[in-house]
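All chains should be built: construct the whole structure from the sequences, respecting the hints.
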Amino acid sequence: MSTDESRFGARGVRAPGALLLCRADPDSVAPAAQLLREPVLLAPAGDGWSVLVPEGKPWLQGGEPVDRVLTGWATALAVAAPWPVLALWWDADRSGYTLASGFRRGVGYVWLADGTPAGEDEAMRTFAARLGLDPVLDVQALDRLAKPDPDADGHTRVQGVIAVLTRVGVSLPDGLAPGEPVDRLREAARSHPEVRQIEWAGLREAVRAELDVVERGPLGPRPPSGGTEARLFALAQVALAVPFLVHGARRRSGGWLAAGAVLLTHGAVGLAQAVMRPRD
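Numbering (our numbering), first residue to last: 358 to 637.
What the hints contain is simulated information worked out from the structure, not anything from laboratory work.
Hints may be right or wrong, so weigh each one.
Estimated spans, in silico, between C-beta atoms of each pair [to be verified]:
(1) 470 / 520: 27 to 35 Å
(2) 450 / 384: 31 to 39 Å
(3) 494 / 405: 14 to 22 Å
(4) 508 / 382: 34 to 42 Å
Each residue gets a CB set at the ideal place from its N, CA and C atoms; glycine is no exception.
Listed below in structure tokens is the structure:
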């Protein structure tokens, strides 16, 4: 099969694909990634960065748009963690990114398949600010990605975003490139010497892994365990999980259901820590 044939479906439609970039090392990302309940490959992606390569069943078999799934997953990984998550995605019609950071509203940009910008310029500046990019040089580079360019298609635009991120340490493993379908992305990820397979091992194991991370150092931006603030923060996470789960159920969105599950688990772990260490 030729390279072009592997990138397109039976009808010549470009296959969707996606990557999740987390600004944290794999040891910190692994427990949260398990809560997505989606088989993913986890590998280092530069200095202080990790990349997740999903199997892609929600959009390949379930018919859910890849951008909606990735937005939910990015939110799920970022809502209770001190590090931002960048979702990169593409399909037959569009390419784009979504940056999730804590409880703040996500920011993203979209290009049509031919590279036509279809987003708000302000999104690029917000993106740069949240990642601590250079307010002059990097913002100028991002602004160029939001201008018409007949020689750049949607995948080239996403590659441009990655190129800017190399200045803050991003270095994707060979073969993980926008435009590639899921099977080729996973094949490339498996060749990385430090790759890990992350799978759902059940709620008990997920919570246990989360507690282990809390013992080594908090995964999320919660106050020290045991105080009133810690309890309130954990209760807020549990309360916020409910609308996420309802929204996911109504739209049959695995991504938003995962976000609710992550919030619920983090809140439960926080409450357990507050109870077990009332004086810590």
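Quick rundown of the hints versus the structure:
| no. | hint | result |
| --- | --- | --- |
| 1 | 470 / 520: 27 to 35 Å | violated (20 Å) |
| 2 | 450 / 384: 31 to 39 Å | holds (37 Å) |
| 3 | 494 / 405: 14 to 22 Å | holds (20 Å) |
| 4 | 508 / 382: 34 to 42 Å | holds (37 Å) |
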